[in-house]
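2 protein chains.
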Amino acid sequence: MTLIGLSDLPSVYPVIMAGGSGTRFWPASRKNRPKQLLPLLGDRTLLQQTVERLRPLAPPERTLIVTAAEIATEVCGQAPTIPAQNVLVEPVGRNTAAAIGFAAVVALARDPMAILAIVPSDHYIADHNAYLRVCVSAVRYASSGYIVTLGITPVRPETGYGYIRFSDFVQTRHDSKDPVEAEHVARNIAAFVEKPNVETAIRYLREGRYLWNSGMFFVRARVILDEMNLYLPDLKLQIDRVAGSLSTPLADAVLRDAYQEMRSISIDYGVMEHSRRLVVIPSSFGWSDVGSWDVLSEFGSDEDPGGASFGEVVAIDCEGNVFYAERDKVVAAIGVKDLIVALSGDAVLVCDKSRAQDVRRIVDALTRRGLSRFL
Amino acid sequence: MTLIGLSDLPSVYPVIMAGGSGTRFWPASRKNRPKQLLPLLGDRTLLQQTVERLRPLAPPERTLIVTAAEIATEVCGQAPTIPAQNVLVEPVGRNTAAAIGFAAVVALARDPMAILAIVPSDHYIADHNAYLRVCVSAVRYASSGYIVTLGITPVRPETGYGYIRFSDFVQTRHDSKDPVEAEHVARNIAAFVEKPNVETAIRYLREGRYLWNSGMFFVRARVILDEMNLYLPDLKLQIDRVAGSLSTPLADAVLRDAYQEMRSISIDYGVMEHSRRLVVIPSSFGWSDVGSWDVLSEFGSDEDPGGASFGEVVAIDCEGNVFYAERDKVVAAIGVKDLIVALSGDAVLVCDKSRAQDVRRIVDALTRRGLSRFL
Numbered sequence: 001m002t003l004i005g006l007s008d009l010p011s012v013y014p015v016i017m018a019g020g021s022g023t024r025f026w027p028a029s030r031k032n033r034p035k036q037l038l039p040l041l042g043d044r045t046l047l048q049q050t051v052e053r054l055r056p057l058a059p060p061e062r063t064l065i066v067t068a069a070e071i072a073t074e075v076c077g078q079a080p081t082i083p084a085q086n087v088l089v090e091p092v093g094r095n096t097a098a099a100i101g102f103a104a105v106v107a108l109a110r111d112p113m114a115i116l117a118i119v120p121s122d123h124y125i126a127d128h129n130a131y132l133r134v135c136v137s138a139v140r141y142a143s144s145g146y147i148v149t150l151g152i153t154p155v156r157p158e159t160g161y162g163y164i165r166f167s168d169f170v171q172t173r174h175d176s177k178d179p180v181e182a183e184h185v186a187r188n189i190a191a192f193v194e195k196p197n198v199e200t201a202i203r204y205l206r207e208g209r210y211l212w213n214s215g216m217f218f219v220r221a222r223v224i225l226d227e228m229n230l231y232l233p234d235l236k237l238q239i240d241r242v243a244g245s246l247s248t249p250l251a252d253a254v255l256r257d258a259y260q261e262m263r264s265i266s267i268d269y270g271v272m273e274h275s276r277r278l279v280v281i282p283s284s285f286g287w288s289d290v291g292s293w294d295v296l297s298e299f300g301s302d303e304d305p306g307g308a309s310f311g312e313v314v315a316i317d318c319e320g321n322v323f324y325a326e327r328d329k330v331v332a333a334i335g336v337k338d339l340i341v342a343l344s345g346d347a348v349l350v351c352d353k354s355r356a357q358d359v360r361r362i363v364d365a366l367t368r369r370g371l372s373r374f375l
Numbered sequence: 001m002t003l004i005g006l007s008d009l010p011s012v013y014p015v016i017m018a019g020g021s022g023t024r025f026w027p028a029s030r031k032n033r034p035k036q037l038l039p040l041l042g043d044r045t046l047l048q049q050t051v052e053r054l055r056p057l058a059p060p061e062r063t064l065i066v067t068a069a070e071i072a073t074e075v076c077g078q079a080p081t082i083p084a085q086n087v088l089v090e091p092v093g094r095n096t097a098a099a100i101g102f103a104a105v106v107a108l109a110r111d112p113m114a115i116l117a118i119v120p121s122d123h124y125i126a127d128h129n130a131y132l133r134v135c136v137s138a139v140r141y142a143s144s145g146y147i148v149t150l151g152i153t154p155v156r157p158e159t160g161y162g163y164i165r166f167s168d169f170v171q172t173r174h175d176s177k178d179p180v181e182a183e184h185v186a187r188n189i190a191a192f193v194e195k196p197n198v199e200t201a202i203r204y205l206r207e208g209r210y211l212w213n214s215g216m217f218f219v220r221a222r223v224i225l226d227e228m229n230l231y232l233p234d235l236k237l238q239i240d241r242v243a244g245s246l247s248t249p250l251a252d253a254v255l256r257d258a259y260q261e262m263r264s265i266s267i268d269y270g271v272m273e274h275s276r277r278l279v280v281i282p283s284s285f286g287w288s289d290v291g292s293w294d295v296l297s298e299f300g301s302d303e304d305p306g307g308a309s310f311g312e313v314v315a316i317d318c319e320g321n322v323f324y325a326e327r328d329k330v331v332a333a334i335g336v337k338d339l340i341v342a343l344s345g346d347a348v349l350v351c352d353k354s355r356a357q358d359v360r361r362i363v364d365a366l367t368r369r370g371l372s373r374f375l
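The listed protein sequences derive, respectively, from chains E and S. Counting along the first sequence from 1, when you hit position 275 you're at 275 in the numbering used here, and nothing is skipped either side. Counting along the second sequence from 1, when you hit position 228 you're at 228 in the numbering used here, and nothing is skipped either side.
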């Protein structure tokens, strides 16, 4: 494939959001080993897959990773091509608005025209070339001043995702002449909608005006900081302090103090749902947020015995399961159906596939019973 | 409890049969860690429980353990009270007839009146006092020249055990005057019967003439060797060679050579099914051969969440399961029913409870797929 236009994108700064922690992939994910650091789909971790996927868009010197102190060493180890000064370590977690503000001022200090390509570190994308073509379109819209989010055309009535309703209105760019990108035009956004129930999800799928909210944004650093000025002025004040201290001996201390003062709010609630610059590009590149164990069902091979199998698995008379064995371990199953079996470290999870959302209750129960050593 | 008669039993030599290996408790049991070396029911291993249970019957100096070279070190470590020279290490496994012959000549060399109390090392017994009372009776019959086997009065239509049909005829002992033991009279044996199907097992239970074959025997060393002379003369020839070399510098070499020559046959097939000296004592002391994972169902506590639980277990909305977590590991389950989940070392087994007999197929599959490092 030829990626038309990639050489035209000198100011793209991928921002990989790798600070997240979560419980839904316990026992594979633990307190200091969140989902993005796990080899959940393939030999490489989701973070490594993300770094690799973005490589055609920008060189490592322009790729930023925002992460948490507890996992920073592991993040650096998994992404050895990324220069250490590009790994931005938040002193405390303050949700996505703070993280994006931090990354924006770092990028802006290096390049006044910087365009951020903000992507989660823990998602899966099947078709990298299709993805990159959409990214090229998104970068072009972003360079025209839009905030561009990627909306995924639904392929099933999914109840686990938030949706974006788009309008008929097609946005144009100043420089839009490239016929190849005609398929990736941006639309105005009519509404953000919460996770629907099944009936509603079926209707969304039928109506054809709803997209999955992928959490991927393309925006000029200067634009997102302007929007924060408008919609999150208190938080922006702290971001400005961070910006002013960059490359000074006080940088660490100011960062720590500013983060203490910031409120914890997501970029969706804080900016995106208010901004008038936001557009969405309807996209299809085989996307999953890999939100819980049951999602792995989709990624099995036809040869897997008894269900989607990851790692060493021996299954006799099984069907419809998700089997996950950490490296150097084995899962063996006989006569079981529609289960999740996940073996990692000193723990195993055995869960009816329809109950994957309840894994957090195991985490709660372990905490309550004084067994947090297993978390 | 007072154990009437225990001080009268100076020549009892418990023989703990600890050479067995098996696959039905994989992954807890492995090639060099068979079932008897596992803490399956309680904090102590089945072997340790066996040693402890027999202590009132004979001191450690008279307790023999027959085992295999691969596990001899572990056996000695688990039974530190038993003198090293009482741990009889077979150079190769040759089934129970050989093992009992070996133990018989060792005991006989120490005591011409030795009475062997031959017991498996991997069974469970709930009521130790009831068990010891039966043992006292059995020893008395054995001292009169009988081979005494303990037959367990069935409490359910079990299809996993062999049965013994007993006749009306009640055996008497020369010295039978003790009223306490009247309940433990020995009966003649009408037949050994193989594992029945469910219908037959229900009939056995109803008829009241069938007992579970426990594999426990009480017999004078001299008597069992005489019986071997009759029914297993070729094997007995090799046993005699071993007897002749005991305490000589050649003992090890002769043992190795004799074992090479011996055929592999169980004491049941080789002697018991032919012997005219065999009697059975119907007994009830809460016995299980702990034959497969599903058996552990019986041993759960009422407080266990979601089924019989051994080790650290967190279960939400579960029922009827058997959960086993090795020390320092945890099993977590959500919404599952009638499963066996066994977590040990680098492996987990998840198995429908009705399929517990198929665990050996997992072992076969691992071997076939070149994954025998997990065995």
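Bear in mind the hints are in silico, worked out from the structure with no lab data behind them. Quick caveat, the model's predicted, so the values are computed rather than measured. Hints may contain errors.
[Claimed, not checked] Restricting the straight-line Cα-Cα distance to at most 25 Å, the calculated cross-link-like pairs of lysine to any residue (SDA-like) are: (1) E:Lys31 x S:Lys353; (2) S:Lys329 x E:Asp352; (3) E:Lys337 x S:Asp328; (4) E:Lys195 x S:Asp358; (5) S:Lys329 x E:Arg33; (6) S:Lys236 x S:Lys337; (7) E:Lys353 x S:Gln85; (8) S:Lys337 x E:Arg33; (9) E:Lys195 x E:Glu319; (10) E:Lys329 x S:Arg369; (11) S:Lys329 x E:Gly311; (12) S:Lys31 x E:Asp328; (13) S:Lys353 x E:Arg33; (14) E:Lys329 x S:Asp328; (15) E:Lys353 x S:Lys329; (16) E:Lys329 x S:Gln85; (17) S:Lys353 x E:Gly335.
Any hints this thing doesn't respect? Which numbers, in order? 1, 3, 4, 6, 7, 8, 9, 13, 16
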